[in-house]
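Take a look at the letters that make up each chain.
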Amino acid sequence: MRYRSIIALVFGASLSLLSCNPYEYGMGSDRIIKCEILSPVHSVEHSSSESLIKDGGSLDMSYFGLTEYSFSVDTRLEQGDGFQLLIRPVVMHGVVRDSGLVIIFSKRGVAIDSNGRIISEKKYPTVSDGASVLLSVKSDNTFTEIVYGCDTVYKNRLTKIESDDIVFKTLPKSEVRVIQPEWVEVVGD
Amino acid sequence: MSRIIQLWIFALMATALASCAITRTETDYYTITDRDTTFREVSRNAPATTTENGVVFPSSRTINVDRQTLAHDSSHDRLYPNFLRAGGIETAGLIGTTSLNGMGPGLFGLYDLLTLDQVGDSAFGTALKPTNTTHSQNSSSHLFKGLLFRLAPYEKRLRWFDDAPDWTIGWSAVELLARDENRDHWLASYGTNIYIRKRFFIRDRIPYIIFSPYLGASLYPSMYGNLGAELHVGSLAGLNFRLYAGLASGFTWTNNAGQETFPYLGIGFSVMDFTNTVEETEHEWKEYVHTGINFNVAEASLMTVYAGYPSIIGNGGNYPVQGIQIKLGTMEIPLPILNYHFWAGTSLINWIALGNIQQGLGVLPLRAGYRHYLISDDLMLEPFIEYSYYPSSVLNAGIRLKWDTFTKYDLGLTLGFATGSPGNFTPSAISNSYVRNATSFSSVYLGISFFLGDWNYTPEVASAWERMQ
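Note that the protein sequences, when read in sequence, are chains A and B. If you count by this note's numbering, then the first sequence holds residues 1 to 189, one letter each, in order. If you count by this note's numbering, then the second sequence holds residues 1 to 469, one letter each, in order.
Don't read these hints as lab results, they were simulated from the structure. Be aware that a few hints might be false.
[Claimed, not checked] Just some of the chain B residues that point at chain A, by a computed CB distance under 10 Å:
hint: 1; residue: Glu-26
hint: 2; residue: Leu-158
hint: 3; residue: Asp-162
hint: 4; residue: Ile-196
hint: 5; residue: Gly-216
hint: 6; residue: Leu-219
Here a beta-carbon is modelled for each residue, glycine too, at the ideal position from N, C-alpha and C.
Taking the hints into account, I'd like the entire structure generated from these sequences.
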């Protein structure tokens, strides 16, 4: 009897490993947002409600097919200088092919990078250690609005194609925590 | 085992097998917004005036501005290979499994499966028939006492231990670990088996050389564990060579033989069995490295034989078709001669019958030829020569016109000459209605061939991997 149990245990345990993929997980409560770690697997620690992106970490969040969206998440800088947010990126097979619009949040302010060029630099808002700040992104056709806390850091029209991805990256030697993301469709006017 | 448990096992395995599709699809989804603005200006000037009237008496000009926004979704599917191993048939002859004389399947568990010794002796227990109840074992001793057989083995990436590299998890539709000629000593699994393997690459270029320890378990009809290791060379156009060492232990639910535990050493071979590295699964199918110019699951030919032999159809009847040739698991590899249009190949089994009793069978025959394209990649002309050395000795040479329909079902027309003797092969291994002892043959023939599951690649595509080495 013990022999049969061992065989059944080996079989069952092996079967349970089939869907194992440490790079992918889901986050969120109402709608489960698909998260894919684009950097080494240890660079992101995660639970069902929050992810800690460590130094060198890169996390892709997506909700399949929802390209016109309103996205919000609490962000908290745990250490270091800040993080990057990639809007409308093209992510294929775990690789960022096109970074889209890159918003750099740091203790020195906010910079906006497009195609490798800084197109805007502002001294405010700044990122503070340990403070939870709501970050929201609205993408509706060509219109894009990014609000950090109470400050609108970007509000303009973008000609880039709308993707169903948003990517978080940390700045060097930084760690940022993203908490309770929500991804909902934009209701038309 | 109750039927309810059996149903559960099959349901579980069906779920697992459903995920073993060889293609993984990734879909990109975007929305593209086009904005268009049209300015329409109308000047309603007084008759006979063509210019503006100035600011004092301006023209009654109207401007219509029409803005349109069109948002359309764009989706694109990318297809990737989704397996580290997907195979056709794997066989191995096992050594040291028993103190009995053994079933004697031959080298690779293949060469002697259909021979006169195996089929003709009623007391001989083989893969095809059980031992006679009056004999506890076969009358002659064999080096290869047991048989390992796997149908459609499949492995995919196992991402555990923080995605430690080169672990695989897999299973096969059918697995047989036959200890010896006594069927009560066999361990079999129908879909209900699972294996975890760790790959150590000794050579990481095609053809790979991989050392793999493995642990497997099966539930039904035999419940067993299988622990061991294999040295694997391949795949090259789906061909693989394997050495095994392991220990299997288990019992069969449907007999009362009790627990079987036996060590084994094995020498095996597999065809239509493709091995990938993880890197290869990260490139799309359209970039996949092909190492053969032809892969074919089955080929059947109907032949008009000019020697006038009685037809194999209807056991000697008078039919316009006298002969049949069937090949299973065929592959061809381009050779670096004349721009890779020369090729060498083999098949798992090559059965040729030019008449009712004029038959021969080749296991892993040697084949070579030249491919010449007549119309684009669709129509090709292939002179070839083929030599089957065991169990029959058959030389077959000819020229083939082949039409690639790009549907995996192709057609061919062959004019050839075949000569040979059946050797140790007995046609009654194919069908009980066939004769036990075949005769030699020699004739010109004209055949029409049907290819099932047929993939053709140009020599330029199939030789690219060699140039990349």
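Results of checking the hints against the structure:
A cut of 10 Å between beta carbons decides the hint on Glu-26(B): the least distance to chain A is about 6 Å, and the hint holds. With a cut of 10 Å, the hint placing Leu-158(B) at the interface with chain A holds, because the nearest CB-to-CB distance is about 6 Å. Taking 10 Å as the C-beta contact cut-off toward chain A, the hint placing Asp-162(B) at the interface holds, the least distance being around 5 Å. Among the interface hints, the one on Ile-196(B) holds; its C-beta lies about 6 Å from the nearest C-beta in chain A, closer than the 10 Å criterion.
With its C-beta approaching chain A no nearer than about 8 Å, Gly-216(B) sits inside the 10 Å limit, and its interface hint holds. Annotation: Leu-219(B) was flagged as interfacial toward chain A, and the flag holds, the nearest CB pair being 6 Å apart, inside 10 Å.
Checked against the numbered hints above, the structure violates none of them.
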